[in-house]
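> Given the coordinates of chain A, assemble chain U onto it according to the supplied hints.
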Amino acid sequence: MPLPEYIKKDYKRTRTMKGSWYLTSYKYKFNLSRIKEYLKGLKNGILLGLKCRSCNTVSFPPRLICGRCLVKPDQWVRLPETASIATGSANYDEEDKKREHPFPVIAVRQDGADTALIHNISDDVDFNSIYIGMPLKVVWAKERNGLYLDIDHYEPIEDPAIELNKKEGSVD
Amino acid sequence: MDKVAIVGFYQVKPGLDLMMSPYEMLFEATRGALDHAGLKRDDLSTVIGCNNDYYDGKTISNCFKVEAGGAYMKDESKVEMDGAHAVMYGLMRILSGNHKLAMVYGISAPSCFPYESVRILETDPTFDRPINLLNGYTAGGMQMRAYLNAFGLSEEDIAKVAVYNLKNAAKNPLAIPEAQKTNITVDEVLNSEMLSAPLKKLMYPILCDGVTALILAPERQARKITDKPVWITGVGHFNDTYYLGDRDLSSCSSMEKAAEKAYKIAGINNPKSEINVAELFGHTACEDLILAEAAGLADKGKGLSLIDTGKLNPSGGTMAGYTPAANGLTRIVEAVKQIRGEAEGHQISGANKAIASGQVGFCAQNNIVYVLEGGE
Numbered sequence: 001m002p003l004p005e006y007i008k009k010d011y012k013r014t015r016t017m018k019g020s021w022y023l024t025s026y027k028y029k030f031n032l033s034r035i036k037e038y039l040k041g042l043k044n045g046i047l048l049g050l051k052c053r054s055c056n057t058v059s060f061p062p063r064l065i066c067g068r069c070l071v072k073p074d075q076w077v078r079l080p081e082t083a084s085i086a087t088g089s090a091n092y093d094e095e096d097k098k099r100e101h102p103f104p105v106i107a108v109r110q111d112g113a114d115t116a117l118i119h120n121i122s123d124d125v126d127f128n129s130i131y132i133g134m135p136l137k138v139v140w141a142k143e144r145n146g147l148y149l150d151i152d153h154y155e156p157i158e159d160p161a162i163e164l165n166k167k168e169g170s171v172d
Numbered sequence: 001m002d003k004v005a006i007v008g009f010y011q012v013k014p015g016l017d018l019m020m021s022p023y024e025m026l027f028e029a030t031r032g033a034l035d036h037a038g039l040k041r042d043d044l045s046t047v048i049g050c051n052n053d054y055y056d057g058k059t060i061s062n063c064f065k066v067e068a069g070g071a072y073m074k075d076e077s078k079v080e081m082d083g084a085h086a087v088m089y090g091l092m093r094i095l096s097g098n099h100k101l102a103m104v105y106g107i108s109a110p111s112c113f114p115y116e117s118v119r120i121l122e123t124d125p126t127f128d129r130p131i132n133l134l135n136g137y138t139a140g141g142m143q144m145r146a147y148l149n150a151f152g153l154s155e156e157d158i159a160k161v162a163v164y165n166l167k168n169a170a171k172n173p174l175a176i177p178e179a180q181k182t183n184i185t186v187d188e189v190l191n192s193e194m195l196s197a198p199l200k201k202l203m204y205p206i207l208c209d210g211v212t213a214l215i216l217a218p219e220r221q222a223r224k225i226t227d228k229p230v231w232i233t234g235v236g237h238f239n240d241t242y243y244l245g246d247r248d249l250s251s252c253s254s255m256e257k258a259a260e261k262a263y264k265i266a267g268i269n270n271p272k273s274e275i276n277v278a279e280l281f282g283h284t285a286c287e288d289l290i291l292a293e294a295a296g297l298a299d300k301g302k303g304l305s306l307i308d309t310g311k312l313n314p315s316g317g318t319m320a321g322y323t324p325a326a327n328g329l330t331r332i333v334e335a336v337k338q339i340r341g342e343a344e345g346h347q348i349s350g351a352n353k354a355i356a357s358g359q360v361g362f363c364a365q366n367n368i369v370y371v372l373e374g375g376e
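Chains as they are written, first to last, in the working numbering: chain A, 1 to 172; chain U, 1 to 376.
No wet-lab data here; the hints were simulated from the structure. Misleading hints may appear alongside valid ones.
What the hints assert, rightly or not - Okay, derived cross-link-like pairs now, DSSO-like style, lysine-lysine, Cα gap no bigger than 30 Å in a straight line: (1) A:K27 / A:K137; (2) A:K72 / A:K43; (3) U:K224 / A:K72; (4) U:K58 / A:K27; (5) A:K29 / U:K257; (6) A:K166 / A:K43; (7) A:K72 / U:K58; (8) A:K72 / U:K74; (9) A:K29 / U:K74; (10) A:K29 / U:K201; (11) U:K353 / U:K311; (12) U:K40 / U:K224; (13) A:K166 / A:K137; (14) U:K58 / A:K36; (15) U:K257 / U:K311; (16) A:K72 / U:K40; (17) U:K3 / U:K100; (18) A:K27 / A:K43; (19) A:K29 / A:K40; (20) A:K72 / U:K353; (21) U:K100 / A:K72; (22) A:K137 / A:K36; (23) A:K27 / U:K201; (24) A:K27 / U:K13; (25) U:K257 / U:K13; (26) U:K311 / A:K29; (27) U:K272 / A:K36; (28) U:K272 / U:K228; (29) A:K29 / U:K3; (30) A:K166 / A:K29; (31) U:K171 / U:K58.
Claimed, not checked - A few chain A positions that, by computed beta-carbon distances, are all more than 10 Å from chain U: (32) D10; (33) K40; (34) G67; (35) P80; (36) G112; (37) S129; (38) G133; (39) M134; (40) E158.
Here a beta-carbon is modelled for each residue, glycine too, at the ideal position from N, C-alpha and C.
Okay, chain A solo, but in the shape it has when bound (with noise of 0.2 Å):
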């Protein structure tokens, strides 16, 4: 049904008026000392999830509250470099299009911990080979600094056990 000639009148007489959103004046805030060892493990390499002794959940990276539990979770667990993928998409945006093949974004379990992470794979791995529980590695930034992006990426590898036996110093 058409619009009665009186409500476009009306329409056109509607005034928007300009807004601001201080965004900006936002801030968040984050007590890092909670997470002191994660990010001090970081630096030196090495991957520390944090187990909930209530319900054993190991959380990587750290969650401050379990949830299920109503605790703070305090026992820091070491994690190997191996993890394998929970779930994935491709990234689409406007950039990508210039790419060979869409931009994997994943969502990455490490080995040992209960909760995954958002994380990148390769720039080479095309997301048609991605699967469900796929093996993957740890590859650290050249420069670590002890900060969530210490991990670059993770790399897709053959087979975690070969990795972990690699690491022991054992030959395969």
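Chain U only, in chain A's frame:
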């Protein structure tokens, strides 16, 4: 009304800029409330939060508070008004019979967001914002002038209320240190910085980070959980018109109606003599008086007499620390402490019937009042 009690509570000590994230503050409050009541998280059946997207700088601000609020895999919901309104939501859920124990919390951290800017976003974009003069301060100033003029009072009278509040805050261990002024004088208040004439800086509360949480339980559970349940025996909630110009700012009609309704439900005929303690959420020292008069604790224009009795805001009210979204909850918790006889330093002896209020909007547009009672 079926009986619902407040069985546990916890208030994080507020501060101008707390050295922890809001996430951790909330955890401290919810964990504290559960421990205070001697309950486990599994005992809760619903969680109602009061927080604000504009305050948090996050949309759907409650989704970030699930773990810390104790709402993991619970029937959680949010109120974006005042903490006292969240209590109403929790109360209704329990009275519906669908829920047993309800956790209610209110949280904000003004050290992280521009509170007065957010208040400007509360104004009408067509009529108020082009003039760009209406904000929290000017609204308080206009209200104060209207009140003084209507009853022939002076600025000194309001300064007396501010002094009273700040001295009370000094006795309240959970007030922020900046508000705890034992030796403050009326002259000091009158000589403090002018915010919006005639409103002075010391008549306006100090913003601070804070969280308050409490647990509601229906009668049967409440009696098992605690020996000192505090019952919600009446509640009233009314909304006035949005535009300041459409209201008589020297009084507060929505508070009058809300209090009247709450008293009716609670069976209170003479609030002046029956109510021992009133913890009211006023934005300014002047608004405290307006709300107290509207609640029937004193005659119109005679609110000042309440500061001699000491039953108005023994904790210092919002002047002890203004935590947006948690203010009303803090008022309720303070009233509960009075009834339980646990208010250290600012206890009113023999307090058994109290009212607590929450509000939102400029010049207390919307008010909610609770009648709280101890005993059986």
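> Does each hint hold? Answer for all of them.
How the hints compare with the structure:
1. A:K27 / A:K137: 34 Å, violated
2. A:K72 / A:K43: 24 Å, holds
3. U:K224 / A:K72: 28 Å, holds
4. U:K58 / A:K27: 11 Å, holds
5. A:K29 / U:K257: 41 Å, violated
6. A:K166 / A:K43: Holds, because 22 Å separates the two Cα atoms, which is no more than 30 Å.
7. A:K72 / U:K58: 23 Å, holds
8. A:K72 / U:K74: OK: K72 (chain A) and K74 (chain U) at ~19 Å, within 30 Å.
9. A:K29 / U:K74: 26 Å, holds
10. A:K29 / U:K201: 28 Å, holds
11. U:K353 / U:K311: Since the Cα atoms of K353 (chain U) and K311 (chain U) sit roughly 11 Å apart, the hinted pair holds (cutoff 30 Å).
12. U:K40 / U:K224: 14 Å, holds
13. A:K166 / A:K137: Answer holds: K166 (chain A) to K137 (chain A) is near 12 Å, not above 30 Å.
14. U:K58 / A:K36: 26 Å, holds
15. U:K257 / U:K311: Distance of about 21 Å is within 30 Å: holds.
16. A:K72 / U:K40: Status holds; Cα separation ~15 Å.
17. U:K3 / U:K100: 12 Å, holds
18. A:K27 / A:K43: 26 Å, holds
19. A:K29 / A:K40: 20 Å, holds
20. A:K72 / U:K353: 38 Å, violated
21. U:K100 / A:K72: 26 Å, holds
22. A:K137 / A:K36: 23 Å, holds
23. A:K27 / U:K201: Satisfied, since the Cα-Cα distance of roughly 25 Å is no more than 30 Å.
24. A:K27 / U:K13: Judged against 30 Å, a Cα distance of about 21 Å means the pair holds.
25. U:K257 / U:K13: Status violated; Cα separation ~33 Å.
26. U:K311 / A:K29: Cα-Cα ~38 Å, so violated.
27. U:K272 / A:K36: Violated: K272 (chain U) and K36 (chain A) sit about 56 Å apart, past 30 Å.
28. U:K272 / U:K228: 25 Å, holds
29. A:K29 / U:K3: 40 Å, violated
30. A:K166 / A:K29: 41 Å, violated
31. U:K171 / U:K58: 36 Å, violated
32. D10: 14 Å, holds
33. K40: About 20 Å separates K40 (chain A) from the closest Cβ of chain U, which puts it past 10 Å; holds.
34. G67: With a cut-off of 10 Å, G67 (chain A) comes too close to chain U, as the shortest Cβ separation is near 3 Å.
35. P80: Check passes; 26 Å lies beyond 10 Å.
36. G112: Its Cβ never comes within 10 Å of chain U, the nearest being 21 Å, so this holds.
37. S129: 34 Å, holds
38. G133: Its Cβ never comes within 10 Å of chain U, the nearest being 26 Å, so this holds.
39. M134: 29 Å, holds
40. E158: Non-interface label on E158 (chain A) holds, nearest chain U Cβ at 37 Å vs cutoff 10 Å.
In summary, the structure is inconsistent with hints 1, 5, 20, 25, 26, 27, 29, 30, 31, 34 from the numbered list given earlier, while agreeing with the others.
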